Amino acid sequence: MILYSTKNPQLKANLEEAVFRSLPSDNGLYMPEYVPKVSTRFLEAIEHLSFNEIAFEVSKTLLNDDISEADIQMIVDRAFDFDAPVVPIEENIHCLELFHGPSMAFKDFGARFMASLMSYFLVRSQKEIRILVATSGDTGGAVAQGFHNVSGISVTILYPSGKVSDIQEKQLTTLGGNVTALEVDGTFDDCQALVKQAFLDAELTQKYNLASANSINISRLIPQSFYYFRAYAQVKHLGLPVVFSVPSGNLGNLSAGILAYKMGLPVEHFVTTTNRNNVVPNYLENGVYNPVPSVETVSNAMDVGNPSNFVRLTRFFGDEWEQLKEVVSGFWFNDDQTKAAMRDVYEREGYLMCPHTAVAYLGLKKYMNLTQKDLTGVFLSTAHYAKFLNVVEEALGTADVEIPARLSELLNKTKVATPMSTRFEDFKDYLLS
Numbered sequence: 086m087i088l089y090s091t092k093n094p095q096l097k098a099n100l101e102e103a104v105f106r107s108l109p110s111d112n113g114l115y116m117p118e119y120v121p122k123v124s125t126r127f128l129e130a131i132e133h134l135s136f137n138e139i140a141f142e143v144s145k146t147l148l149n150d151d152i153s154e155a156d157i158q159m160i161v162d163r164a165f166d167f168d169a170p171v172v173p174i175e176e177n178i179h180c181l182e183l184f185h186g187p188s189m190a191f192k193d194f195g196a197r198f199m200a201s202l203m204s205y206f207l208v209r210s211q212k213e214i215r216i217l218v219a220t221s222g223d224t225g226g227a228v229a230q231g232f233h234n235v236s237g238i239s240v241t242i243l244y245p246s247g248k249v250s251d252i253q254e255k256q257l258t259t260l261g262g263n264v265t266a267l268e269v270d271g272t273f274d275d276c277q278a279l280v281k282q283a284f285l286d287a288e289l290t291q292k293y294n295l296a297s298a299n300s301i302n303i304s305r306l307i308p309q310s311f312y313y314f315r316a317y318a319q320v321k322h323l324g325l326p327v328v329f330s331v332p333s334g335n336l337g338n339l340s341a342g343i344l345a346y347k348m349g350l351p352v353e354h355f356v357t358t359t360n361r362n363n364v365v366p367n368y369l370e371n372g373v374y375n376p377v378p379s380v381e382t383v384s385n386a387m388d389v390g391n392p393s394n395f396v397r398l399t400r401f402f403g404d405e406w407e408q409l410k411e412v413v414s415g416f417w418f419n420d421d422q423t424k425a426a427m428r429d430v431y432e433r434e435g436y437l438m439c440p441h442t443a444v445a446y447l448g449l450k451k452y453m454n455l456t457q458k459d460l461t462g463v464f465l466s467t468a469h470y471a472k473f474l475n476v477v478e479e480a481l482g483t484a485d486v487e488i489p490a491r492l493s494e495l496l497n498k499t500k501v502a503t504p505m506s507t508r509f510e511d512f513k514d515y516l517l518s
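Counting from 1, position 371 in the sequence shown corresponds to residue 456 in my numbering; the numbering is continuous, with no gaps.
Bear in mind the hints are in silico, worked out from the structure with no lab data behind them. Computed from a predicted model, the values in this text were never measured in an experiment. Idealized CB from N, CA, C, for every residue including glycine. There's no promise every hint is true.
With a straight-line cut-off of 30 Å between C-alpha atoms, the simulated DSSO-like cross-links for lysine-lysine are [as the list claims (entries may be wrong)]:
1) K281 to K212
2) K321 to K410
3) K347 to K458
4) K97 to K458
Taking CB as the label site, the calculated pair distances span [as the list claims (entries may be wrong)]:
5) L134 to K451: 42 to 52 Å
6) P504 to N475: 21 to 31 Å
7) E407 to N99: 25 to 35 Å
8) D429 to M159: 39 to 49 Å
9) K451 to G237: 44 to 54 Å
10) S124 to V380: 40 to 50 Å
11) T456 to D511: 45 to 55 Å
12) Q457 to D511: 50 to 60 Å
13) E407 to N112: 23 to 33 Å
14) Q408 to P326: 10 to 20 Å
15) S506 to A130: 46 to 56 Å
16) D421 to I87: 39 to 49 Å
Build out the structure end to end from the sequences listed, making use of the hints.
If you want it as structure tokens, here you go:
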């Protein structure tokens, strides 16, 4: 697998180099030179396969020039002991639940596969690495869980102070060991900028083998494509074209869906749905990409004003706006609409959604109402509702919302985090110390 930089196609890397470098030296993003297709036989039999069997087949298609089939199987089985079930909500509307992993968020798929893949390479090379990761909510918890006590890896997580939920904060600040949390006095975009600058700093990269566990790392996108195939397998028997609605922040989740599409997954259309941070829906409407500072919303993991994976999304379509528009539509919804949808679906169907899931639900409903086609709609639930307890209780008008034991136990643990400014000099001094 050869990957190139989105800024300079002549700057290339193999899979291992791309996984550990995270970013090319020119601050672009790694993209595969060639996206192979899955076999027709695989798609014909996909409804009979488990999640891990699907993950193995997709991984083999992408990675078998770099890793043996036996080792791919080992990496997959070490990463995944949980599924991605599709749950019917109402007629032709289904929810893909991505919160059955250890941190109860979709980031578990990427983080655990990445940890397993990195561990495989580290055992071979006898290296040690330091992972830097910015989080707007769920990435931090998933990375903390996925990499906790993995030999040869230390993890530093940056998160925006006061802009993640209590449970999310506890997930990334209570593990200890090889996991350290920095509470940044700023936004997610500030956290992301610090991480990116660190990878371009010669002194830091000379002292440490730095890697990122954000969706800027190609090894996060690959496993996220698995659950699109798994979702298709579960709704294939319905015999209708499939539409996915993806709650979108940094666009890694949507980019992984497009990767699956480019590998041959039969998808009729994608809907990228956001909160008031609507730069991508605006781009899809008028062809102008205008990143702006993020604004705070109840769906905080999508509070991203300049999505890192935007360039990947457009590159999949040759940077042609018209081609992208044929496959992807974009909508956005405000906090009041989000909370109203959470309340409405709960009252009608008895189904609880986190705010990000509700945004995806709204986007799917809007697209299906506009097209008036016979479709199977699947919206992605990116986190368990209990991770956003305050928002859920406010939306439903009740304080009697059940919390899973593995989340409620966190609330009694002591947060350990180091305060950090948005100045790169301060962050660099911390890392060098």
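Evaluation of the provided hints:
1. K281 to K212: 22 Å, holds
2. K321 to K410: Distance ~25 Å between K321 and K410 Cα, so the pair holds.
3. K347 to K458: With Cα atoms ~23 Å apart, K347 and K458 stay inside 30 Å; holds.
4. K97 to K458: 43 Å, violated
5. L134 to K451: 42 to 52 Å: 32 Å, violated
6. P504 to N475: 21 to 31 Å: 23 Å, holds
7. E407 to N99: 25 to 35 Å: Check passed, 33 Å falls within 25 to 35 Å.
8. D429 to M159: 39 to 49 Å: The hinted range 39 to 49 Å holds for D429 and M159, with Cβ atoms some 45 Å apart.
9. K451 to G237: 44 to 54 Å: Roughly 47 Å apart at Cβ, these two residues keep to the hinted range, so it holds.
10. S124 to V380: 40 to 50 Å: 45 Å, holds
11. T456 to D511: 45 to 55 Å: At 50 Å between Cβs, range holds.
12. Q457 to D511: 50 to 60 Å: Hint holds: Cβ distance 55 Å, inside 50 to 60 Å.
13. E407 to N112: 23 to 33 Å: Holds - the Cβ-Cβ distance for E407 and N112, about 28 Å, lies within 23 to 33 Å.
14. Q408 to P326: 10 to 20 Å: Since the Cβ atoms of Q408 and P326 sit about 19 Å apart, the hinted range of 10 to 20 Å holds.
15. S506 to A130: 46 to 56 Å: With Cβ atoms ~54 Å apart, the hint holds.
16. D421 to I87: 39 to 49 Å: 48 Å, holds
The earlier numbered hints that this structure contradicts are 4 and 5.
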